[in-house]
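Protein chains: 2
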Amino acid sequence: MDEYLKLLREIIAIRSVSTDASYQTEIHKAVKWYKELLSRAGAEVEIISGYDNPFVIAKFLVDKSLSTCLVYGHYDVQPANIDEGWTSEPFSLRIDDQRVYARGVVDNKGQALIHIYSVIRAFRENKLSKNVVFLLEGNEETGSPALPRFIKDKSKLLKADLALISDGEIVGSTPVIEAGFRGGFNSTLQVKTADLDLHSGIYGGTAPNAAHELITILTKLIDAKTYKVNIPGFYEDVDTITDDQLKNNKSIPFNSKDYKDISGIKVILNEEYDVYTQTGLLPSVQITGISSGYNGQGYRNGIPAVASAKINFSTCKITIGAKKLQNSSENLLIRLNQVMLRSIYKSTILMKE
Amino acid sequence: MDEYLKLLREIIAIRSVSTDASYQTEIHKAVKWYKELLSRAGAEVEIISGYDNPFVIAKFLVDKSLSTCLVYGHYDVQPANIDEGWTSEPFSLRIDDQRVYARGVVDNKGQALIHIYSVIRAFRENKLSKNVVFLLEGNEETGSPALPRFIKDKSKLLKADLALISDGEIVGSTPVIEAGFRGGFNSTLQVKTADLDLHSGIYGGTAPNAAHELITILTKLIDAKTYKVNIPGFYEDVDTITDDQLKNNKSIPFNSKDYKDISGIKVILNEEYDVYTQTGLLPSVQITGISSGYNGQGYRNGIPAVASAKINFSTCKITIGAKKLQNSSENLLIRLNQVMLRSIYKSTILMKE
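As given, the protein sequences belong to chains A and B, one line each in that order.
With the first sequence counted from 1, adding 19 to any position gets you the working numbering.
With the second sequence counted from 1, adding 19 to any position gets you the working numbering.
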């Protein structure tokens, strides 16, 4: 346990954030860390570049006649800043009453390392009874855009009898087999109403305000009460939810008190569906970032000229594309076109299904 | 002209932002700069502390029997960052085709320096025919909260036959006498829906999103089309606008093409009133900042737990207080109370009237 925690502490401290290019040094530091750990333990390690952030492949070969298990994990994490509600520095492992806290502990450095460490120990003690191949990637948090191509190109290298995904959930203390996740993509919507921020005293009341215009669009796109998407066609391609699925999901133990306590939320939205159906079988849309004007200390009384929002769409069929959403939502923006609009939809992927 | 521009270049380079405490060193640098300039020119200079940022008083006394003119200006500026649409570094004077550009050039270092420099030259050449007292403050951009008390305490020091405000406007090339400005105050509205940002895949659809909740409140507070305030009572205490005022304002030359060209706006809102009536006699409300979630490079698919907006209210009677708005707007937030709300109204009140 001590040895595992020592390793976890090391890898947690590496800020391997994949969405922001300024963390590239940390991404490469993480790759080096896994390479050294796995090589030292006796694995054949290969670092494969040319597919966004490097892939790490590590083979523990016991006997070619035995079957092989492929284990998938990812070493990249989402950004994290202590200001955002963390009770301690997110890139420093904190152990408190048998729980460990840090960015990446549950997504996914912690679980992947459990599998890596268990295999290392079994291999060291000659107790490994199958061959094990680890596949670690560094772009899971940006949607694994190169993974399908990588798997196709490297199919020989990845050949296995069984694949295990380290990156999964547990319901309470019940292990689960996950059949799939929602797909998704991200968009940025930017509104520009003037060449630069204008004096609120001199222009206030006559000049359009980018923040006002942006939130007007957003509240048209997303129903305020149900959080449902008001874009024509958005729900058209959604898979039908069967009675069996609903019945099955309802039978999964769910503790709404724990769910609220852990997250700090006061209500669960859309209670007509159980949480597993809502988060697993229905699409959702989330504003993941919004920014306009001055947000520093004190006040700057300018009318913002630019406002932008990052929007995440979780869909249930990858046929719902960015283009469709773009076309539909631009129809809502007729008024905005009068005041100058920049609508930038950046579609990244769609993968998990 | 060269000497004036040299001085303007120096004072522009001092980042005397009053709203953000981290600029205090620059505030004191500006005070020192004026003190040295005015002392060197032969004025009796006094720096008065104890009223927020220091006041600078400088007296050019020609003859006690002559009348005295008091000139007001301010040395503080609003924050500025090149990212926000500036075509060059805002704290560095740029001269381009007979125009000068920089933060503070028109609000208010430029005009105040025109008056200071003109008086310095006249004094130097023995051409000053009246006594002149300069009063420079460093909290105009945060609403001059200490100015009324300062004027009361220091009335003897400020005694004058005539007061000139350096900080004013020109309509086209026509000088104007301004009878007053709207008052105003700033508020911060913060919504909290969870203890920390939640995974959009695991919680998306069941957990409330602070950004969605905030924009829902904001669109309830402010009409999307007219930008009018939907807070009961907000317009109750507004001064009546007389037909004479409307007639007078309509007679002021106004060039809507220039107004649009200079600001880059495409439409002028609320065209039922002329621009001077709208910006001078009617209240307005502006979101001056909004922030939630992740706004860095790329995407972080978290459901924001916290969202906040800075709101500027320009009112026409100071009797409309922050408290009243707070009470009224909280009534709109009943739904929000179910999901946890933090409403922080910071009133800084104000005075210009």
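Possibly wrong hints are sitting among the right ones.
[Unchecked claim] Derived DSS-like pairs: lysine-lysine, alpha-carbon spacing no greater than 25 Å straight-line:
1. A:K247 x B:K178
2. A:K239 x B:K83
3. A:K279 x A:K266
4. A:K266 x A:K239
5. A:K244 x B:K239
6. B:K175 x B:K149
7. A:K247 x B:K239
8. A:K239 x B:K239
9. A:K239 x B:K285
10. A:K285 x A:K269
11. B:K247 x A:K239
12. B:K239 x A:K285
13. B:K244 x A:K244
14. B:K178 x B:K83
15. B:K83 x A:K244
16. A:K175 x A:K83
Treat the hints as calculated values from the structure; they're not laboratory data.
Note that the structure is a prediction, hence the values are computed from the model and not measured.
Satisfaction of hint between K244 (chain A) and K83 (chain B), Cα-Cα up to 25 Å: violated, 71 Å
Taken at face value, is the distance from the CA of K239 (chain B) to the CA of K247 (chain A) at most 25 Å? Between K247 (chain A) and K239 (chain B) the Cα gap is close to 18 Å, so the pair holds against 25 Å.
Quick one, are K239 (chain A) and K83 (chain B) close enough, alpha carbons at most 25 Å? violated, 67 Å
Straight-line alpha-carbon gap K279 (chain A) to K266 (chain A), limit 25 Å: holds, 23 Å
Holds or violated: K239 (chain A) with K239 (chain B), Cα cutoff 25 Å? Holds, because 13 Å separates the two Cα atoms, which is no more than 25 Å.
For the pair supplied as a hint, K244 (chain B) and K244 (chain A), confirm whether the alpha-carbon distance does not exceed 25 Å. holds, 21 Å
What's the verdict on K178 (chain B) and K83 (chain B), does the C-alpha distance respect the 25 Å limit or exceed it? holds, 12 Å
Take the C-alpha atoms of K239 (chain B) and K285 (chain A), compute the straight-line distance between them, and say whether it is at most 25 Å. holds, 22 Å
Distance restraint between K247 (chain B) and K239 (chain A), which requires alpha-carbon spacing of 25 Å or less: holds, 18 Å
For the pair supplied as a hint, K285 (chain A) and K269 (chain A), is the alpha-carbon distance within the 25 Å limit? It holds: about 21 Å lies between the C-alpha atoms, which stays within 25 Å.
Assess, step by step, whether the Cα of K175 (chain B) is no farther than 25 Å from the Cα of K149 (chain B), and give holds or violated. Status holds; Cα separation ~18 Å.
Holds or violated: are the alpha carbons of K239 (chain A) and K285 (chain B) at most 25 Å from each other? holds, 22 Å
Of the numbered hints given earlier, the model fails hints 1, 2, 4 and 15; all others are met.
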